[in-house]
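Chemist: Each chain, written out:
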Amino acid sequence: MAFHFPKPTPEQSTTTADAGLADSHHHERPRGLMRWVLTTSHKEIGSLYLIFSLTMFFIGGIFALVVRAELFQPGLQLVEPEFFNQMTTMHGLIMVFGAVMPAFVGLANWMVPLQIGAPDMALPRLNNFSFWLLPVAFTLLLSTLFMPGGAPNFGWTFYAPLSTTYAPPSTTFFILSLHLAGISSILGAINIIATILNLRAPGMRMMDMPLFVWTWLITAFLLIAVMPVLAGVITMMLMDINFGTSFFSAAGGGDPVLFQHLFWFFGHPEVYILILPAFGIVSAIIPTFARKRLFGYASMVYATASIAILSFLVWAHHMFVVGLPLVAELFFMYATMLIAVPTGVKVFNWITTLFRGSITFEPPMLFALAFVVLFTIGGFSGLMLAIAPADFQYHDTYFVVAHFHYVLVPGAVFAIMAAVYYWLPKWTGHYPHERLSQVHFWLSVIGVNLTFFPMHFSGLAGMPRRIPDYALQFADFNMVSSLGALLYGASQLVFVLVIVMCVRGGKKAPAKAWEGAEDLEWSVPSPAPLHTFETPPNFERPVH
Amino acid sequence: MTQPNRDDHGAKKGVRRTVVRTVAALAGMFAFAFALVPLYDVFCEVTGINGKTNSSAQAVIHEEVDESRMITVQFITRGSSGLPWELDVESRQVRVHPGQTNEVNFTFHNRSDNSSWGRAVPSVSPSNASLHLRKVTCFCFEEQHLQPGERIEAPLVFQLTRDLPPEIKTVTLVYTLYPVAHKNEPLQAQVTIGKGDEA
Ligand code: HEM
Ligand SMILES: [Cu+2]
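Going down the list, the protein sequences come from chains P and Z. Per UniProt numbering, residue 1 is the first one in the first sequence, and the count goes up by one each step. Per UniProt numbering, residue 1 is the first one in the second sequence, and the count goes up by one each step.
In short, the hints are calculated from the structure, not lab data. Predicted model only: the values in this text are computed from it and were never measured. Be aware that one or more of the hints could be misleading.
[Claimed, not checked] Simulated coverage check for chain P against chain Z, where a stretch passes if three residues somewhere in it have a Cβ under 8 Å from a Cβ of chain Z:
id, segment
1, 183 to 197
2, 230 to 238
3, 256 to 263
For each residue, glycine too, the CB sits at the ideal point set by N, CA and C.
Turn these sequences into a full structure, and let the hints steer you where they fit.
Modeler: In structure tokens form, the structure reads like this:
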């Protein structure tokens with residue numbers, strides 16, 4: 001493994017990005033395409049991650065629109081049920097592993113070194129490798145759509161034996177692609193931990209780190225803890241399918257319920273992997289635009305850590321109806337409700353930060369505020385689902401779909417978009433177009449709520465998830481959902497337009513692009529030059 | 001802070017240490033995932049969760065028969081798509097006293113023209129009854145081999161112990177037939193992970 005540290009001497013100050021490739025101090029950076037293929041700059045790799053994620057967001061979005069189009073009316077009209085199942089499955093897999101996770105890793109790549117005053121990530125070449133695993137993984141995953149028997153069709157949770165005994169032949173490729181994506185996340189996590197623990201500016205203690213760095217550090221530990229379990233589960237599936245073992249097959253002494261335990265032991269911490277960095281982003285944006293210091297910095301750190309620890313003790317709330325003994329139902333019910341406490345601490349801290357602030361509503365702030373409100377709705381529906389006896393009614397209905405889309409779309413995705421609007425001036429040197437950003441924001445908010453709010457009702461009324469047809473009484477709710485989804489999807493084109501315009505020009509941004517922004521990244525010029533903090537900055541501790 | 005320079009050497013060592021530790025943690029968690037498989041089985045068997053019954057014969061406990069209680073024991077037998085067998089039981093339901101030893105006969109019938117190996121895998125419901133169900137003799141402890149058209153009778157001798165929780169009035173035993181694939185094709189490698197001989 002190669003370790004590369006740029007020396008903070010002036011002569012070498014141009015070599016950060018590619019010193020890993022050559023020893024000489026003065027040499028040409030590769031040009032054109034090769035520049036991107038071989039880059040070891042955390043900024044360029046960050047951009048690659050973000051562009052990749054946006055691409056996946058649109059591909060996954062198109063799959064979702066196929067699903068919503070079929071569900072626009074009751075009855076089967078557009079697609080075969082088999083294809084419908086492939087669409088729900090691929091949508092979930094791509095959004096979770098291809099869009100949200102890489103977006104957060106991209107943001108970490110860009111911002112963690114800048115926020116802690118490091119010249120680059122600790123392991124720049126490994127960083128390049130972990131990015132390039134992703135296009136390979138997802139090309140492979142998408143290629144299963146064209147294979148005989150079709151793409152995976154067993155849901156993003158790929159329960160055995162549906163994903164083993166009854167799975168299409170492409171499942172082996174699905175497993176391989178998930179392995180690659182998992183290795184990519186693991187390598188990314190190692191890199192982020194190594195960077196945060198070892199490359200902080202002199203004088204910056206752990207409790208001085210911005211919350212985005214803190215939440216990512218904790219997320220990276222979660223990744224280290226659970227990605228190997230995911231790797232283990234899919235390896236067992238691979239062996240059951242191809243090598244005649246029976247981990248999950250009752251015929252050979254295995255147990256399908258074991259699959260669910262293992263999957264959710266990974267899966268629940270995974271949902272926090274998808275939300276903790278979002279907490280960090282919102283904790284950066286709200287103080288900036290409220291022009292107040294974040295209320296309860298230390299409690300935010302402890303709340304994040306408690307959420308992470310508790311997330312290992314609640315996995316069976318996804319399995320209430322699988323036939324757990326009563327004590328287990330009770331244990332997982334109370335443990336799940338307990339998580340709402342640190343989550344509530346965070347929400348209250350954000351609100352208290354806003355209280356008596358001098359608030360302005362720039363685009364990042366709009367998304368961050370919408371996050372606080374709409375994520376909390378998702379938290380509340382989560383609490384309803386946590387009530388074991390009630391979950392017997394809600395489980396596998398659209399109510400669950402409503403819950404996790406509220407925490408993931410106006411939760412994780414809005415936070416990512418808030419982060420993009422917040423840091424675009426640092427990345428491009430230009431402010432995003434204000435009017436268009438507002439258009440994007442309002443269309444997104446309306447679209448998201450039109451799509452997912454009615455799902456609460458259809459779910460409570462008993463509409464099952466993952467079925468291409470439904471009873472007539474759900475028709476109105478579904479029509480609204482489908483129209484909302486179309487609106488939400490189309491309005492993301494505005495987002496792309498804003499980004500493209502911002503890269504190409506726009507109002508010039510100074511180093512400190514937002515008046516109330518205090519972290520280290522605002523001390524380097526906008527756009528951030530390729531090399532920053534070659535000489536570590538003098539970190540001045542803000543008075544807490 | 002006298003010298004704002006990052007201590008490069010120290011950082012390098014720190015990174016190496018972080019990498020070694022995280023990689024060790026990764027390996028540990030991967031192993032843990034596989035360790036959970038046997039742990040899960042042990043856990044289920046010890047606690048009787050999941051309706052898993054003991055996988056080997058148990059001795060009868062000699063205790064006084066509890067004449068005051070009658071428990072209904074139901075038997076459900078199921079075939080499987082991969083195995084052209086039928087499993088039948090002489091009576092679908094028996095009424096027994098706790099403490100008493102009972103015998104019920106099952107019939108395996110191979111309806112195909114090929115000989116094959118199979119096994120009946122049991123499951124008990126409610127699952128908390130499984131700790132109180134003692135099987136003295138059971139065909140489910142081993143795999144069966146049937147010639148084309150062959151029919152064999154196999155007994156189940158069991159006892160419900162007196163400490164069966166009072167709220168349990170009915171115990172259902174489900175036997176599901178499964179093919180034992182590797183026995184049919186002796187050339188194929190014999191890979192059985194987990195506990196191949198689950199009761
Ligand atoms: C207050 C916090 C939360 C509570 C109490 C909670 C509770 C639950 C429960 C009980 C379920 C299972 C419902 C069922 O299948 O019957 C569930 C499903 C789910 N939750 Fe949450 N949740 C919370 C927060 C979150 C967050 C922050 C995320 C992700 C960012 C999330 C993502 C999901 C997902 C993806 C599912 C569905 C998985 C599936 O079956 O496909 N939840 N939640
Ligand atoms: Cu969960």
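Chemist: Do at least three Cβ atoms from the segment 183 to 197 of chain P come closer than 8 Å to Cβ atoms of chain Z?
Modeler: holds (count 6)
Chemist: Verify the coverage statement for the segment 256 to 263 of chain P against chain Z, using a C-beta to C-beta distance below 8 Å and requiring 3 or more qualifying residues.
Modeler: Holds, because 4 residues of the segment 256 to 263 of chain P bring their Cβ atoms closer than 8 Å to Cβ atoms of chain Z.
Chemist: Check, residue by residue, whether the segment 230 to 238 of chain P contains three or more positions whose beta-carbon lies closer than 8 Å to a beta-carbon of chain Z, and give the verdict.
Modeler: Since three or more residues must qualify, the claim that chain Z covers the segment 230 to 238 of chain P holds, with 4 doing so at under 8 Å.
When each numbered hint is compared with the structure, no violation occurs for any of them.
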